[in-house]
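Engineer: Residue numbers (our numbering), protein chains in the order written: chain A, 236 to 528; chain B, 13 to 343; chain C, 3 to 340.
Simulated pairs of lysine-lysine, BS3-like, Cα-Cα distance not exceeding 30 Å:
no.: 1; chain 1: A; residue 1: K411; chain 2: A; residue 2: K352
no.: 2; chain 1: B; residue 1: K142; chain 2: C; residue 2: K236
no.: 3; chain 1: C; residue 1: K11; chain 2: B; residue 2: K163
no.: 4; chain 1: B; residue 1: K162; chain 2: C; residue 2: K236
no.: 5; chain 1: B; residue 1: K151; chain 2: C; residue 2: K236
Treat the hints as calculated values from the structure; they're not laboratory data.
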Amino acid sequence: MKFDKDSPRIRELKLTLYVIRKSKMAMVSICVLLFFFTIAILAPVLSPYDPTEVHPAEIFMPPSSKYPLGTDYLGRDNLSRILYGARYSMFASLLVVVLTVLIGMPIGAVSGYLGGKVDETLMRITDIILSFPGITLALLLAYVMGRGIFSAALALSLTGWTSMARIVRGVVLSEKGKDYVIAARLIGKNDFQILFGEIMPNCMYPVIIQAVMMMGTVIISLAGLSFIGVGVQPPEPDWGVIIAEGRQYLLEYPWLSILPGILMITVVLSYNLVGDRLRDALDPRLRGELAAK
Amino acid sequence: MVKILSNNILSVEDLHVVFKTYLGTVHALNGVYLEVGRGEAVGLVGETGCGKSTLGLSIVRLLDESAEIVRGKIFFNNESILEKSTDEMREIRMKYISLIFQDPTAALNPVYRVGDQIVEALQMSKGLKKVEAIEESAKILSMLGIPESKKVMEQYPHELSGGMRQRVMIAIALSKNPLLLIADEPTSNLDVTIQAQILELISELRRNTRMSLLLITHDMGIVAQVCEKVAVMYAGQVIEFGPVRAVFKNPIHPYTRGLLKVANLIGEKSRLESIQGTIPDLRHLPPGCLFSSRCPHSFSKCVQIRPYSILVDNHRSVACWLVEDKVRYCL
Amino acid sequence: MGLLYYILKRIFFGILVIFGVLTLTFLITKIIPQNPVAVWLGLEGMQYPELVKQVTELWKLDRPIWEQYIYYVGNVLRGDFGRSSWSRGPVIADLAARFPATVELSIFAFLIAMSIAIPTGILSAVYRDKPIDHFSRILSVVGISGPSFWWGIIFLYIFYLQLGFAGSGRIGEGMSPPITVTGFYLIDSLIEGRLDKFIDVLSHIFLPALTLGIGATGFTSRLTRSALLEVLRKDYIKTARMKGLRERVVIYRHALRNALIAPVTYMGLLFGSMLGGSVFVETVFTWRGMGQYIVTAIFASDYPALLATTLVIAIIYSVANIIVDLLYTVIDPRVRVG
Numbered sequence: 236m237k238f239d240k241d242s243p244r245i246r247e248l249k250l251t252l253y254v255i256r257k258s259k260m261a262m263v264s265i266c267v268l269l270f271f272f273t274i275a276i277l278a279p280v281l282s283p284y285d286p287t288e289v290h291p292a293e294i295f296m297p298p299s300s301k302y303p304l305g306t307d308y309l310g311r312d313n314l315s316r317i318l319y320g321a322r323y324s325m326f327a328s329l330l331v332v333v334l335t336v337l338i339g340m341p342i343g344a345v346s347g348y349l350g351g352k353v354d355e356t357l358m359r360i361t362d363i364i365l366s367f368p369g370i371t372l373a374l375l376l377a378y379v380m381g382r383g384i385f386s387a388a389l390a391l392s393l394t395g396w397t398s399m400a401r402i403v404r405g406v407v408l409s410e411k412g413k414d415y416v417i418a419a420r421l422i423g424k425n426d427f428q429i430l431f432g433e434i435m436p437n438c439m440y441p442v443i444i445q446a447v448m449m450m451g452t453v454i455i456s457l458a459g460l461s462f463i464g465v466g467v468q469p470p471e472p473d474w475g476v477i478i479a480e481g482r483q484y485l486l487e488y489p490w491l492s493i494l495p496g497i498l499m500i501t502v503v504l505s506y507n508l509v510g511d512r513l514r515d516a517l518d519p520r521l522r523g524e525l526a527a528k
Numbered sequence: 013m014v015k016i017l018s019n020n021i022l023s024v025e026d027l028h029v030v031f032k033t034y035l036g037t038v039h040a041l042n043g044v045y046l047e048v049g050r051g052e053a054v055g056l057v058g059e060t061g062c063g064k065s066t067l068g069l070s071i072v073r074l075l076d077e078s079a080e081i082v083r084g085k086i087f088f089n090n091e092s093i094l095e096k097s098t099d100e101m102r103e104i105r106m107k108y109i110s111l112i113f114q115d116p117t118a119a120l121n122p123v124y125r126v127g128d129q130i131v132e133a134l135q136m137s138k139g140l141k142k143v144e145a146i147e148e149s150a151k152i153l154s155m156l157g158i159p160e161s162k163k164v165m166e167q168y169p170h171e172l173s174g175g176m177r178q179r180v181m182i183a184i185a186l187s188k189n190p191l192l193l194i195a196d197e198p199t200s201n202l203d204v205t206i207q208a209q210i211l212e213l214i215s216e217l218r219r220n221t222r223m224s225l226l227l228i229t230h231d232m233g234i235v236a237q238v239c240e241k242v243a244v245m246y247a248g249q250v251i252e253f254g255p256v257r258a259v260f261k262n263p264i265h266p267y268t269r270g271l272l273k274v275a276n277l278i279g280e281k282s283r284l285e286s287i288q289g290t291i292p293d294l295r296h297l298p299p300g301c302l303f304s305s306r307c308p309h310s311f312s313k314c315v316q317i318r319p320y321s322i323l324v325d326n327h328r329s330v331a332c333w334l335v336e337d338k339v340r341y342c343l
Numbered sequence: 003m004g005l006l007y008y009i010l011k012r013i014f015f016g017i018l019v020i021f022g023v024l025t026l027t028f029l030i031t032k033i034i035p036q037n038p039v040a041v042w043l044g045l046e047g048m049q050y051p052e053l054v055k056q057v058t059e060l061w062k063l064d065r066p067i068w069e070q071y072i073y074y075v076g077n078v079l080r081g082d083f084g085r086s087s088w089s090r091g092p093v094i095a096d097l098a099a100r101f102p103a104t105v106e107l108s109i110f111a112f113l114i115a116m117s118i119a120i121p122t123g124i125l126s127a128v129y130r131d132k133p134i135d136h137f138s139r140i141l142s143v144v145g146i147s148g149p150s151f152w153w154g155i156i157f158l159y160i161f162y163l164q165l166g167f168a169g170s171g172r173i174g175e176g177m178s179p180p181i182t183v184t185g186f187y188l189i190d191s192l193i194e195g196r197l198d199k200f201i202d203v204l205s206h207i208f209l210p211a212l213t214l215g216i217g218a219t220g221f222t223s224r225l226t227r228s229a230l231l232e233v234l235r236k237d238y239i240k241t242a243r244m245k246g247l248r249e250r251v252v253i254y255r256h257a258l259r260n261a262l263i264a265p266v267t268y269m270g271l272l273f274g275s276m277l278g279g280s281v282f283v284e285t286v287f288t289w290r291g292m293g294q295y296i297v298t299a300i301f302a303s304d305y306p307a308l309l310a311t312t313l314v315i316a317i318i319y320s321v322a323n324i325i326v327d328l329l330y331t332v333i334d335p336r337v338r339v340g
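Excised from the complex, chain A in its bound form (with noise of 0.2 Å):
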């Protein structure tokens, strides 16, 4: 991959960073992103409480100088555990995403360039796995692991590699017979230099659009099997987790509840909206081959 300053691809992350400079609701989608990044990385200095001690004498108190959103049923502070639940919800999230990445692109690949019994075999393998209706079998894995975030976190990228292989296969199958590779082959270039080296760049843009497209659905899960007792484990906090606890005292102390998922919505919005902008940009007939007719 040439880096030459007229290169198809670097006039093609251009255009593209251009088309999602030029919608405000991306922009403020990536800075409500980058926001709760920074919440995440400053947890620790922004909590005035650590978010598992427990304060038996001021159980459920309200929003206070002392205790800005109040105290839950042990007493613990709301502000440092919503703070600290951000950690979870947007690094674990990364986490899976990548590790999905990692798993599903060398698979797709391969399945995609050498074809035949190989390729039958992987794609029959994510049949199977894309045959467990949503997290069930990410629950399951998640279990037989042993609960845990790190143990939800895997099971889901376990889970979640089969769509990202389906798209890199896709693009792999449609690139493998196109002139350029031929001419690769005939200047004496192996498979592996013209899979990763020649084939591969074109799988980028896909790749970049489905992890932003999977972090809502990914925090989503994750937040669900806190919720459900197989991820992050309680007293730790993470946003499922509050939202599981909370739920036992609805009706007397519903924001307890409430809150953390509509921070949850505000980044899972924020990651569909710059999703969405992103692959409309990378759309070549909605960006402006339309002078083309």
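Using the hints, position chains B and C against chain A.
Structural biologist: Just chains B and C now, kept in the frame of chain A:
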């Protein structure tokens, strides 16, 4: 405003169309002038992206939502198309103008049998009852050289060959006996023998019905074969217009000359030439002639002022400053 | 001929996938870091080697792995999913009661989701960039962005705790469940001829179904909108317009059927999302179905129950997918040849 009734079925005056895209406004048509006489066949030629199809769709007002007609007039049968209400426009499409597309696969609804699609057109344009329409469409199909037309009518578009599909499209287009047929590259997706058959079919129908034809194509050979007049488009303008024979024999605009050389219709037929350069960025139009950047004869005026169409003799017009000088020179 | 071949091929393929699913769950039972015999017998029972040996042999755990696999598949085919290590009864008995609850909820949720999503998607596309479009798009994207269990809690708070609508369970506390015929309360109450029960059941299923379908609703609405807009740009729509058809006819006769192909292809997936989402929604609404059973099994460390339920859900999903694919051939004639 009184418009003198002309013998033209279609006339387009100073038509400007823009597309709004993410990357800015694309000026697709930049002052198009075009006339199609009654019973006449006019070929509209030009490179991909010069606005041929946009012009065709503007005439029936079926441009996509991202497009906007900024300025200009279109007269069909001496009536202003752009001032018609939605219902009046529907009536015009229903009875008087037909459109054939480049890709018949995309132009036929994939989920309905082709028979139903022709029948629907007949029911609309001629107000036939369903049974009559079925008979009539079978008749039209066999007239178009389709054997076992009843059987074909039972099939879905994807079950037919490309040539067959285009015949079905033509059947739909002809079902209303249109005054004007706009055919947008009707043969470019077909192989050569089918291409010849379809063109022959269109010519023959024209002889029999006195229907006018606006044939959009990039193939000069087809124009020579089917049309009486030719309009050459470049960057959203008709830069040369006139009788096919006169234009092909003696092209005036440098672009037309280049185009004909590429098509190997004039000049030394030994080697293929191409026109240097590419179409200007239609988002940022230069003030002068849009062809000036590629024109071997351009001079300072060309870069500064956009040329308008000049009547050369009674039948021909050209938009080029070289001609103005020549005309003045002759005087 | 072509159609029949396609259907048979699809069914065969579906069965193949179900076997794959069986194999995967079998493999998971093998990697579970837990001795099923120990779970079954408990610490006390493990002190009797005779007993351990007896159970091990009974469950063929001393045999080679392929023999265990055949034994496992055979058991599942006979409907024997093992015994719950918590309730000690056969898992199949627990599932029999819970299976209809989940399927009823999922189907109802699916129907609600589709009957909201498709019309709003169409309206959104037809009145593009008008207020109704903005409204439905914002609602869709916010709906998708929230976790279903959270929406469930919000709905419970508003409709149950504040407004006093029916909140949890499948039927009001004062009423006895309808006599079991199909296991679907909505149908059984009608068979019993008790309209009051039917209405009560309906009022109970509505909130959880709405919650369960919220993601699918948003997704389908967006999908329908973009598919319809995409189709409206196609040449065959121009052909239809060139016939002088009214806009309404162009949209509903020519565009809609093509546009609906997109949501139909996703229907299997969406139904799956209902089955998967039941884990959360049933927990929030104390709906005694398979989803809630899974959560209970997790807290009780009840592996046989957990595995069996997951397997059954996957099988339902596979069957639903086959049905959707067959439905797809009806709506899109192009599939019938391939």
